[in-house]
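Trainee: Residue numbers (my numbering), protein chains in the order written: chain A, 1 to 130; chain B, 1 to 372.
None of these hints come from the bench; they were simulated from the model. Because the structure is a prediction, the values reported are computed rather than measured. Ideal Cβ positions, reconstructed from N, Cα and C, are used throughout, including at glycine. Please note: incorrect hints may appear among the correct ones.
Which chain A residues face chain B? A few, computed with CB under 10 Å, are given here [as the list claims (entries may be wrong)]:
(1) H51
(2) K55
(3) D57
(4) C64
(5) R76
(6) G104
(7) R105
(8) N106
(9) L130
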Amino acid sequence: MKRLTLCLAMLAAAPALAQDTSPARLIAGYEAEAGTPANPAAGKALFLATHGTGKPDTPACTTCHTDNPRAAGQTRTGKTIDPLAPSANPDRFTDVKKVEKWFGRNCDSVLGRACTAAEKADIIAWLSGL
Amino acid sequence: MTSRSTPFPEVPVWDIWVRLFHWGLVATVALSALTGFFGDARWLAVHLASGGTAAALVLARIVWGVFGGGHARFADFVPRPRALLSHVIGQDHRHRGHNPVGALMVLAVFVAILALAITGLVILGGWLRLGPLAADLGTGAGHAARELHEAVALGVAVLVLMHLGGVLYESRRSDENLARAMVTGLKEARPGDIEPDGVRPRAGRAVKTIAAMAAMLLSGGLILSMRPVPNQPVAAIDPLTAEECGACHMVFHPSLLPARSWQQLMAGLDTHFGENAWIDAGDAAEIEAWLTANAAETVDTAPARIFAQPAPEAPFTLTETPAWQRLHGTLPEALFNRAPIFTRANCAACHADAETGRFSPFAISIPKETTR
Numbered sequence: 001m002k003r004l005t006l007c008l009a010m011l012a013a014a015p016a017l018a019q020d021t022s023p024a025r026l027i028a029g030y031e032a033e034a035g036t037p038a039n040p041a042a043g044k045a046l047f048l049a050t051h052g053t054g055k056p057d058t059p060a061c062t063t064c065h066t067d068n069p070r071a072a073g074q075t076r077t078g079k080t081i082d083p084l085a086p087s088a089n090p091d092r093f094t095d096v097k098k099v100e101k102w103f104g105r106n107c108d109s110v111l112g113r114a115c116t117a118a119e120k121a122d123i124i125a126w127l128s129g130l
Numbered sequence: 001m002t003s004r005s006t007p008f009p010e011v012p013v014w015d016i017w018v019r020l021f022h023w024g025l026v027a028t029v030a031l032s033a034l035t036g037f038f039g040d041a042r043w044l045a046v047h048l049a050s051g052g053t054a055a056a057l058v059l060a061r062i063v064w065g066v067f068g069g070g071h072a073r074f075a076d077f078v079p080r081p082r083a084l085l086s087h088v089i090g091q092d093h094r095h096r097g098h099n100p101v102g103a104l105m106v107l108a109v110f111v112a113i114l115a116l117a118i119t120g121l122v123i124l125g126g127w128l129r130l131g132p133l134a135a136d137l138g139t140g141a142g143h144a145a146r147e148l149h150e151a152v153a154l155g156v157a158v159l160v161l162m163h164l165g166g167v168l169y170e171s172r173r174s175d176e177n178l179a180r181a182m183v184t185g186l187k188e189a190r191p192g193d194i195e196p197d198g199v200r201p202r203a204g205r206a207v208k209t210i211a212a213m214a215a216m217l218l219s220g221g222l223i224l225s226m227r228p229v230p231n232q233p234v235a236a237i238d239p240l241t242a243e244e245c246g247a248c249h250m251v252f253h254p255s256l257l258p259a260r261s262w263q264q265l266m267a268g269l270d271t272h273f274g275e276n277a278w279i280d281a282g283d284a285a286e287i288e289a290w291l292t293a294n295a296a297e298t299v300d301t302a303p304a305r306i307f308a309q310p311a312p313e314a315p316f317t318l319t320e321t322p323a324w325q326r327l328h329g330t331l332p333e334a335l336f337n338r339a340p341i342f343t344r345a346n347c348a349a350c351h352a353d354a355e356t357g358r359f360s361p362f363a364i365s366i367p368k369e370t371t372r
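Bound-form chain B, shown alone (with noise of 0.2 Å):
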């Protein structure tokens, strides 16, 4: 409790949804930067879960900015640009709900984490091909939203500590605990305080305006999920490549190699990684067809995109190009040895969907080691 002689009362100040809408958001956004800066490719459906709830919880804040009470609504902490001006150079009265600055700090949080779930859905559909906008992008446009994904995640660290930074200076300037008044809800009100309109809060249409947007976003995105993707690996795989191919190990999708590595590939079968794998002529030629008509070159994906640029001197080794290298080099070298995945060949060992040529990261999984 305070020091004071002669304390002030304590006033609610923040209701309890801008509560649970902090410390949500605090939970979310902490989970989604764990995942999205440590975590592997597995973590992906954590991240999405946990970055969808944040984008979910501030749009039901803004909602609640527009229809809730007091210190909730916008018109009660966004500044004019006089009011920010005054607070900046010490002429204001003191604020119970956001000062100026402060309201700054939640606009710019609002933004950046909207600006991440649309760069996330980018990344889902053009990079991964997944999800409401899989049909309209290309690992193009995935690929050049990754960059600004991690650009403006990086920029929302630095908005939570340069938060940090100033709720602790506020506390210290203004004697007060803030961050237990966002637990607690309550603050002293104080002589000179800025006093509160007294708005009352309409939950009713805040309830049914975020009930609306959430059937909106979720039904609009189930629909547009459901549109054929184009681009896509054939998914029909020839019979004689599989019986020929297929008899040593898992058939290798004809996206994964582009056309000139396949035909390397083929030319050189009676010294195939270290066995004779030959193939009668005949044989050989439709399989060779077969790969380089569905090679990388035709398809639009990431597994086709980053094997196409195969290591010079290994053209058509998957496990010797650079992508492969980079995206599996944290697992140590013993995992690929031991029973039952035996060799960084044996892709389907952890991939389930390795021989569709997908590789989606919600189709991995590291099994247990067993006897040989």
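So that you can see chain A by itself, here it is in the shape it has in the complex (with noise of 0.2 Å):
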């Protein structure tokens, strides 16, 4: 009996390790860094627009993931990106390493320049809404 109490508690574990962080931990990290409420709407925009100020291939955000986060995207070499929304893609926004990894590159080649912590609880806010 204990050692079955031990492997459901290690089974029960494992998951954890996998994932650690959540779309909402994320916001409220984003906002006490920021010192502001997340703002979907501006997310929203800030997702959707052409920018032109960052690398010349990738003016926007929508350029490799369409403007319908809950779909599938597309690299600049043809290869699937899956969907950004968690609601279509749950391991999204789950890894703290890869979304600062992420927005580190991604924020450069559309905007030319870092996301601020605001803007980046903003996107995170956007998709997560939807």
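Join the two chains into one complex using the hints; note that each chain is given alone, in its own frame.
Mentor: Take a look at the structure:
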């Protein structure tokens, strides 16, 4: 019985190890860092806008992710990108390192600069609400 | 039929096997030439099949030249030097079978086709690292054999033209249709002809010999082909590299670029083909170590050899290398832009084995266009 309990505990722990965060916790963290509440409408506008201040081949988030984050996107080399919206892809926004890496890459590619914490909160808030 | 007032009787000259051999050779040589001179990599399987068949026909014909009867036998038509000279200066009787000059053509064609088969096997083993000789040879031997293969192929084309010219000339000179004779097997028996020696074919021994040769060649080829091939691209892709690099594009095999190119590529991830592809320093170092440890210098394959010479102005862009341009130059640009290919960088769209770094010509299939 003790062994069974221990096994169950280990099994229960496994999923938690694969997900070190959640959309809600990320939003809370970025809000705290920014000092302002997340604004989904602003996140939507940022995501859908064409910016033209980053790299020429990637003028917008929608260049790869399309304007429907619940659908799959596509890289410039033709590779499929799983949906960004957590409602369509529960794995999204569950890995801090990954989230920070992709914000770091894509904000620079699209905007030509790092995203602010407020912008990150806004975008995740919008994507989480879809 | 003949226009002569007193037609000569027609007698059998070419047995059924000689005729089947001849026309089979015509078909396989023509197919090999078309696919070799004009076909792209996708035609290689057909080229190999027709070339292999031509070689098999020649080997079988050689056996029949020993065990066959009448004019099929080498003893009947391979000329001694004095006989050749007599024929050339016009002091010769009529040969119903091959005349001495024709006999030389036969021998030359046999030698050339066997040379093509051997050089073809060397290319297959050395350049493509496939088949019986893959374990013994490298791309250097394969590349040299390719030059020789092309030269001999041109030689065969010349021999064919000479053969056709000879047939036309002799047909006119002796007032008979030699090409028709190779279909019907019949020729006129005329006074003064050199008489056949009446040797009977030994079909049973011919069949046994051909079967034994076939068994030896096939089993030998199979056994040799099963040996492990050295200096091949690393098979297991590093998981970190697969995850990081494979997120946006196919995982390009490390053997496709020299180590220096990989280093340059990894040093500029913030402007990686028009995007920011930043990776944290620890992961980047690990990936770079794996890429350089398995780079083009560490393998001996055709893709590694040809891509190891990147374009100077684009030191890590495969599609800018002279080799890539040459290999894909006949394909329309629109092909690369349409779905489901989308871009030149999407090798895996057509090359099923792209991520192994092998790019076998047997694994190429251009997909039909899809909606985007």
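Trainee: Next, verify each hint and record whether it holds.
Mentor: Hint by hint, here is what the structure shows:
no. : hint : in the structure
1   : H51  : violated, 14 Å
2   : K55  : holds, 6 Å
3   : D57  : holds, 4 Å
4   : C64  : holds, 8 Å
5   : R76  : holds, 6 Å
6   : G104 : holds, 6 Å
7   : R105 : holds, 5 Å
8   : N106 : holds, 7 Å
9   : L130 : violated, 22 Å
Comparing the model with each numbered hint stated earlier shows that hints 1, 9 do not hold.
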